[in-house]
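From first to last, the protein sequence lines stand for chains A and B.
Position 95 (the first sequence) corresponds to 95 in full-length UniProt numbering; numbering is contiguous.
Position 35 (the second sequence) corresponds to 35 in full-length UniProt numbering; numbering is contiguous.
Some clues are possibly wrong.
Since the list gives no way to pick out one identical chain from another, each pair is judged satisfied if it fits inside one copy or across any two copies.
[As the list claims (entries may be wrong)] Dumping the calculated SDA-like pairs for lysine to any residue here, alpha-carbon to alpha-carbon at most 20 Å:
{"#": "1", "residue 1": "18", "residue 2": "106"}
{"#": "2", "residue 1": "59", "residue 2": "105"}
{"#": "3", "residue 1": "18", "residue 2": "107"}
{"#": "4", "residue 1": "18", "residue 2": "108"}
{"#": "5", "residue 1": "59", "residue 2": "108"}
{"#": "6", "residue 1": "23", "residue 2": "53"}
{"#": "7", "residue 1": "18", "residue 2": "62"}
{"#": "8", "residue 1": "18", "residue 2": "91"}
{"#": "9", "residue 1": "18", "residue 2": "103"}
{"#": "10", "residue 1": "18", "residue 2": "70"}
{"#": "11", "residue 1": "69", "residue 2": "54"}
Quick caveat, the hints were computed from the structure, so don't treat them as lab data.
Protein chains: 2
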Amino acid sequence: MYVKKLPELDYGVSTTIKALGGKWKACILDCIYLEIRRPSEICRNITGLSLRVLNQQLKELEAGNIVYKKIYAEVPLRVEYYLTSWGESLWPVIVAMNEWGNAYRHHYGTES
Amino acid sequence: MYVKKLPELDYGVSTTIKALGGKWKACILDCIYLEIRRPSEICRNITGLSLRVLNQQLKELEAGNIVYKKIYAEVPLRVEYYLTSWGESLWPVIVAMNEWGNAYRHHYGTES
Chain A
1 MYVKKLPELD YGVSTTIKAL GGKWKACILD CIYLEIRRPS EICRNITGLS LRVLNQQLKE
61 LEAGNIVYKK IYAEVPLRVE YYLTSWGESL WPVIVAMNEW GNAYRHHYGT ES
Chain B
1 MYVKKLPELD YGVSTTIKAL GGKWKACILD CIYLEIRRPS EICRNITGLS LRVLNQQLKE
61 LEAGNIVYKK IYAEVPLRVE YYLTSWGESL WPVIVAMNEW GNAYRHHYGT ES
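Generate coordinates for the entire structure from the input sequences, incorporating the hints supplied.
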């Protein structure tokens, strides 16, 4: 049978694709990695991302334990997002995916 | 504005996700990386993958210049698939995605 060089290849890769799925998550993690932590700031920093969509993406990232939030009892309330250890360990994978994807895109001049 | 730590993050990551999209491509590249090159052999080695779906995936990988095929003028005709330089350079990204994804999956015992 299939003696995979990589154990459970179909699960490992698809899990990562699911964790990063969609157009925004990598950008949002990039912001948080850059210590841009408040939703309003993150929104201002990513073209085309609405607060509603951002909050949905943050909820998914939080549910997946890739980010966590701190709530400061201030008026108005202050909320900030941080990378969990899973978020931190995902970062080099995002960098590798980003580098390959951009080299490939520039070579083929595709906008996809 | 968004001074991304990673240039064109949204494009780079999504290009890689698109190149690897779906459940089968990473497994197919794994087979070819393991020098399992003929469609019939690849099919036998990946549970649940039909020849029809495999041929579709190989066509996409070929169109994306991630794999190429060699046709041997024999009877019956022999066709073998190889990784292009893009396929070769994608391999470490697949390994990184696979490792993160499996560690994450085992930690959360999810089947996703």
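ask   = Looking at the structure, which of the earlier hints fail to hold?
value = 10
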